[in-house]
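> Whenever a hint applies, use it, and build me the whole structure from the sequences.
For the sequence shown, our numbering assigns the number 1 to the initial residue and increments by one for each residue that follows.
If you're looking for bench data, these hints aren't it; they were derived computationally from the structure.
Watch out, some of these pointers could steer you wrong.
As the list claims (entries may be wrong) - With a straight-line Cα cutoff of 27 Å, these simulated DSSO-like cross-link-like pairs (lysine-lysine) come out:
no.: 1; residue 1: 102; residue 2: 66
no.: 2; residue 1: 40; residue 2: 81
no.: 3; residue 1: 40; residue 2: 84
no.: 4; residue 1: 40; residue 2: 102
no.: 5; residue 1: 84; residue 2: 66
To be verified - Beta-carbon label-pair distances, calculated as ranges:
no.: 6; residue 1: 91; residue 2: 36; range: 16 to 22 Å
no.: 7; residue 1: 99; residue 2: 78; range: 38 to 44 Å
no.: 8; residue 1: 99; residue 2: 38; range: 14 to 20 Å
no.: 9; residue 1: 42; residue 2: 96; range: 32 to 38 Å
no.: 10; residue 1: 37; residue 2: 65; range: 30 to 36 Å
no.: 11; residue 1: 30; residue 2: 101; range: 16 to 22 Å
no.: 12; residue 1: 56; residue 2: 81; range: 31 to 37 Å
no.: 13; residue 1: 30; residue 2: 76; range: 16 to 22 Å
no.: 14; residue 1: 35; residue 2: 63; range: 15 to 21 Å
no.: 15; residue 1: 40; residue 2: 102; range: 36 to 42 Å
no.: 16; residue 1: 78; residue 2: 28; range: 27 to 33 Å
no.: 17; residue 1: 85; residue 2: 55; range: 35 to 41 Å
no.: 18; residue 1: 36; residue 2: 84; range: 18 to 24 Å
Using N, Cα and C, we set each Cβ at its ideal position, and we do this for glycine too.
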Amino acid sequence: MKFRKKICFKKGNNGFGRLSKNDVQTLNDMHLTILDYSLKGNQVGVHFTNEGRQVGTFMGYPTSHKHAVWNGFGMYTSRSKDKKVWFSEEILKMIMQFRHIK
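Shown next as structure tokens:
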């Protein structure tokens, strides 16, 4: 399956640490491909590949106009109105592909 990734931000702790809304918007034409998923009760774990092109400053690194592909995992939990999500992505691999780190 292949999906276009849409990222929504809410006020407060959104789990992105140093990433800001502007950092995410500097990755152009982002695509997320689901590689595998697992369901258990009210949780779903998703293993995915993400890709995009850096078109602006990202985490303090200048624009590179390079394309990068990296893996990640997300865990979604839903209990009626209480929904939680966390992600782990290969940010170092992405930054290396943008040629900011060798």
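> State for each hint whether it applies.
Against the structure, the hints come out as follows:
1. 102 with 66: 14 Å, holds
2. 40 with 81: 18 Å, holds
3. 40 with 84: 15 Å, holds
4. 40 with 102: Violated, at roughly 40 Å.
5. 84 with 66: 32 Å, violated
6. 91 with 36: 16 to 22 Å: Roughly 21 Å apart at Cβ, these two residues keep to the hinted range, so it holds.
7. 99 with 78: 38 to 44 Å: 39 Å, holds
8. 99 with 38: 14 to 20 Å: Given range 14 to 20 Å: violated, Cβ gap about 35 Å.
9. 42 with 96: 32 to 38 Å: The hint (32 to 38 Å, Cβ to Cβ) holds, given that residue 42 and residue 96 are roughly 36 Å apart.
10. 37 with 65: 30 to 36 Å: 32 Å, holds
11. 30 with 101: 16 to 22 Å: 21 Å, holds
12. 56 with 81: 31 to 37 Å: Taking Cβ atoms as reference, residue 56 and residue 81 lie about 35 Å apart, which means the hint holds.
13. 30 with 76: 16 to 22 Å: Because 18 Å falls inside the window, the suggested range holds.
14. 35 with 63: 15 to 21 Å: For residue 63 against residue 35, whose Cβ atoms are near 29 Å apart, the range 15 to 21 Å is violated.
15. 40 with 102: 36 to 42 Å: 40 Å, holds
16. 78 with 28: 27 to 33 Å: Holds, at about 30 Å.
17. 85 with 55: 35 to 41 Å: 25 Å, violated
18. 36 with 84: 18 to 24 Å: For residue 84 against residue 36, whose Cβ atoms are near 21 Å apart, the range 18 to 24 Å holds.
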